[in-house]
Amino acid sequence: MNLSYDEVLAKYEPVLGLEVHVELNTNSKMFCGCSTIFGAEPNTQTCPVCLALPGALPVVNEKAIESTIKIGLALNCSIAPFSRFARKNYFYPDMPKNFQISQYDEPICVNGFVDVEIETEDGLKSFRIEIERVHMEEDTGKSLHVGGATGRIHGAQYSLLDYNRAGIPLVEIVTKIIPGTGKYAPEVAKAYVAELRDILRSLGVSDVKMEQGSIRCDVNVSLRLIGAAQLGTRSETKNVNSLRSVERAIRGEMIRHAERLNVGERVVQETRHFQEDTGLTRSGRSKEEAEDYRYFPEPDLVPVAPDVAWIETLRAALPERPSIHRKRLQMAWAVPDKEMAAMINADVLDLVEATVALGAEPIKARSWWLGEISRIANDKDMAISQLNINAQDVAEIVALVTAGELTDKLARQVVEGVIAGEGKPAAVIASRGIKVVNDDSELMAAIDRACMAQPETAEKVRNGHLPAAGALIGMVMKETKGQADAARVRELLLGHLGQL
Amino acid sequence: MSTLSRDDVAKLADLARIQMSEEELVNLAQEFTVILDAVARVQEVASADVAPTSHPLPLRNVFRPDVVVPSLSPAAALSSAPAQEEQRFRVPQILGEE
Amino acid sequence: MIRLSAAEMATKLAAGETTSVALTQLHLDRIAQVDGEVHAFLYLDTEGALLQAAAVDAKRAKGEKLAPLAGVPLALKDVMVQKGIPTTCGSKILEGWRPPYDATVVANLKNNDIVILGKTNMDEFAMGSSTENSAYGPTHNPWDLTRIPGGSGGGSSAALAAFEAPLAIGTDTGGSIRQPAAVTGTVGVKPTYGGVSRYGLIAFSSSLDQAGPCARTVLDAALLHEAIAGHDPRDATSINAPVPQVVAAAKAGDVKGMKIGVVKELNGAGYQPGVRARFEESLELLAKAGAEIIEVSAPNFEYALAAYYLIAPSECSSNLARFDAMRYGLRVGDLDGASAESVMSLTREVGFGKEVKRRIILGTYALSSGYYDAYYGSAQKVRTLITQDFTNAFTKADVLVSPTCPTTAFKIGEKANDPLAMYLNDIATIPVNMAGIGGMSLPSGLADEDGLPVGFQIMAPVMKDERMYLVGAALEAALLSKWGAPLLDQAPILGGRA
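Residue numbers (this note's numbering), protein chains in the order written: chain A, 1 to 500; chain B, 1001 to 1098; chain C, 2001 to 2498.
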């Protein structure tokens, strides 16, 4: 019934294509001056242009052009000396004009690439993803489907449209086809989207929050027999809302395609929707008869011919590439590749860096984020970024441990408390009464009491049987509610019993 | 001689979201035979070395600054809505996928 | 008073000989008297117009400096969006729609304190040459009520010819200002493309549409031209340059030393004898006034009509997609279980007229995959060739001229069932829109065979609109001398004494 991933790879090789849509963070919309602020009351950010009232006309947002050029440059693209907007014609209630102003055969950026590194069984391997084009378009309104069981479009009785989002600038980044990833297809795709996200974030052109929809990913997958020249039929999967989903969707599609091909059925060229809960895709609109969009040059807008001097100014102002940035951090922290990859994979690099910037030693910052906090995130099946703890918190905790005011064990309790929402580290320490007992005289008093309670054990230690000390240390820890520094207790105890 | 069949016209009417009657489809198909012949004349001179014109004037780079301008009030935006609910445009059930 | 020119009315207002309220009321009375027969107006804003007029009078009384046409009434083609006023585009699909915003042209009119009387009739969505395609019934030519007033802007031109308003706004995509002007004996100008803002002009064919002034005299048109023209940041295709000095040109009216090029291809077979006769006479008058008449050739003009009937429908098939019953306008078929798709389709079937549907289907076809290169793509190339023809011709001549259209006003219903015959009305006007240059039509007399008005077309290079007014004013003066009185004096009396 269900093929295993390995079985798929024994026979087939995957070919990928990735389309990423990015919402730009401009103040106003692509073609009109309406605000783009997220979460406003419905239809409070609309005007004749984005509502497509009769007679309205679009005018291009200059900042959107600038942001798109920056993206193109950061992706090593050529900036077209001449590019044009085009109308993509189709009817849909969330698209007021019933055409989308987009770009067709003359996009603003072409022919770039992104290099990603993934961990393979043979060590770190680099892949170059080629970018076909980067172009500008506009977002649609939002529909609420009412009356159906799940709030989805199937079975809904009617829909309610909010056009606040209609007209927000979108940039579409399209890769060339990506062959040669073999079994690492899911990882390569995930690394690409993560790298893209990091680049966009460093450029400051978008919020790039996958959960909020400001970066959206469509994955195209096809299989062909290993060594075959011709490409297989591809399927497109939408609604891929997280990095993890990118991996799962690709893996799932590869298996689904193989299962069909193995029994002699052909893969249908269609759009599918990724389902978070099952990790599987569901069939959507059939693309067998591709919709005829009747593209033609947008007559209401004039072509864009960016000034070469302007492009060079933007190029000179590009921030450090994330990959260069990471290499620099790796050298500064003297971190081995494997650990670096682990941090990137767990998506904690930025957090570690921020924690270090606040004064923590790199090795300590890494150990907290990659260790305890990662473990908690996994247990809760959440992404680390979703947890209720930030770099500031961790930096404070690390400082407290370094100062001896917290033991590692107590620090873990504080971390737990912060994540549970009990407040900032100081508040958690106060409310839980966490306190390191590091007053030697207090500890000695407790040690005395322990020795008096267990005289035979104390005698054993005095006679050189050191492992017996454990029970005594345990008693002291219990008495101090775990707030004593166990190492210090041991030191004092052994000294007291003449074993140092 | 370019012709459009009744079925061809029906496909176009569907693309254009116009629910035409049978009579309209047949009549249009007939009319188009004549019209298409007339307009096809453009092919006589449209050779490969002629560039197409999309805009009568050679304007370039017309932009607006990224500045927020007051929007319509929701009341004004919805003032002509055939149906509305909760400050949103109410439309009948949508069959197609987004 | 209503037979005066707008300039004359403005002089009287400035001199205090009359008030805007009185003047507006006179026109409202005239409309009440004759519009039952003419049907130029779709909506009359009686209350609003009188309020506007009163406001202007108040300003004048305070001694405020006012624009040249302040207080003069005007008729607005129903293709222009006017806030709070029903705007239908001559279509059922927009019946009763009241826009929440003003077109830039309308804002300019209001800033100039021009009084907007109401909205005039037109071919539905500006598609037509006779105003017979209006969903609200045709307009009748004041020269002969059984005949068409031209189209698509027949309402505006008829209103002028019937003395219902001294000024009007029209829009011209393939001749919709100029051809109605020609068949009603009035003046109509299509400015250089981009000279007047299209923001709020309900789009038919975006790369061809242009709003322009309509009046009974060349000077009036010039005054109105300067009031509405200018760069608009809301229209990315509008020209960022000073408004052309057309009033000065209209006042000068001097053609001495100018080279006037007669376009060979626009003066040939199929043109009514009376049309050609008036054209030749006008050329003689211009020659007498000091111009040099030469012949020029534009060999690609014969393909202009075909290209137009690919480009315009293609653009309109996309522009009219927004009329889908979701956000505004007509909605039918919204019954239990009906889908959005079916409501859209039924509404568009019922809400759009025959010609509009014909052009939408044609445009959809011309843009469709596999056919784009042969149709729309080829038409765009023809456009380049036509522009080249004009550029070449303008190296030899300062302006180009032709009869505005091949015939005088035909009978209502005569060409309604023959789309191709109808399209031929625009054969001389279309090349102008294709190249984006300016075009003017002014009356050159009546045709002997039917006593109906004939128009003379003047074409000027891109951004040289003032040349049209220079030549137009000169010809107008010469013709006035010849006739002894304005041509419109010969029009039949409507509804009693004018």
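Treat the hints with care, since some could be wrong.
Some chain C residues flagged as far from chain A (calculated, every beta-carbon gap over 10 Å) [said to hold, decoys possible]:
#1 Ser-2005
#2 Gly-2016
#3 Thr-2018
#4 Ala-2067
#5 Met-2080
#6 Pro-2099
#7 Arg-2198
#8 Arg-2234
#9 Thr-2237
#10 Gly-2290
#11 Arg-2322
#12 Asp-2324
#13 Leu-2335
#14 Ser-2368
#15 Asn-2392
#16 Pro-2492
In the SDA-like style, the derived pairs of lysine to any residue whose C-alpha atoms are separated by at most 25 Å in a straight line are [said to hold, decoys possible]:
#17 A:Lys-142 - B:Gln-1030
#18 A:Lys-88 - B:Asp-1008
#19 B:Lys-1011 - C:Leu-2145
#20 A:Lys-88 - B:Asn-1061
#21 A:Lys-176 - A:Gly-213
#22 A:Lys-424 - A:Pro-467
#23 C:Lys-2415 - C:Leu-2145
#24 A:Lys-142 - B:Ser-1080
#25 A:Lys-176 - A:Asp-94
#26 C:Lys-2354 - B:Gln-1030
#27 A:Lys-238 - A:Gly-227
#28 C:Lys-2110 - B:Pro-1070
#29 A:Lys-142 - C:Gly-2337
#30 C:Lys-2110 - B:Ser-1079
#31 A:Lys-142 - B:Arg-1090
#32 C:Lys-2092 - A:Asp-94
Treat the hints as calculated values from the structure; they're not laboratory data.
Remember, it's a predicted structure, so these values are computed and weren't measured experimentally.
Glycine residues also receive a C-beta, built at the ideal position from the N, C-alpha and C atoms.
How the hints compare with the structure:
no.	hint	verdict
1	Ser-2005	holds, 30 Å
2	Gly-2016	holds, 38 Å
3	Thr-2018	holds, 34 Å
4	Ala-2067	holds, 24 Å
5	Met-2080	violated, 8 Å
6	Pro-2099	violated, 7 Å
7	Arg-2198	violated, 6 Å
8	Arg-2234	violated, 6 Å
9	Thr-2237	violated, 6 Å
10	Gly-2290	holds, 40 Å
11	Arg-2322	violated, 5 Å
12	Asp-2324	violated, 6 Å
13	Leu-2335	holds, 12 Å
14	Ser-2368	violated, 5 Å
15	Asn-2392	holds, 25 Å
16	Pro-2492	holds, 36 Å
17	A:Lys-142 - B:Gln-1030	violated, 42 Å
18	A:Lys-88 - B:Asp-1008	holds, 21 Å
19	B:Lys-1011 - C:Leu-2145	violated, 41 Å
20	A:Lys-88 - B:Asn-1061	holds, 21 Å
21	A:Lys-176 - A:Gly-213	holds, 23 Å
22	A:Lys-424 - A:Pro-467	violated, 39 Å
23	C:Lys-2415 - C:Leu-2145	holds, 16 Å
24	A:Lys-142 - B:Ser-1080	holds, 19 Å
25	A:Lys-176 - A:Asp-94	violated, 29 Å
26	C:Lys-2354 - B:Gln-1030	holds, 14 Å
27	A:Lys-238 - A:Gly-227	violated, 29 Å
28	C:Lys-2110 - B:Pro-1070	holds, 21 Å
29	A:Lys-142 - C:Gly-2337	holds, 22 Å
30	C:Lys-2110 - B:Ser-1079	holds, 23 Å
31	A:Lys-142 - B:Arg-1090	holds, 12 Å
32	C:Lys-2092 - A:Asp-94	holds, 24 Å
Hints 5, 6, 7, 8, 9, 11, 12, 14, 17, 19, 22, 25 and 27 from the earlier list are contradicted by this structure; the remaining hints agree with it.
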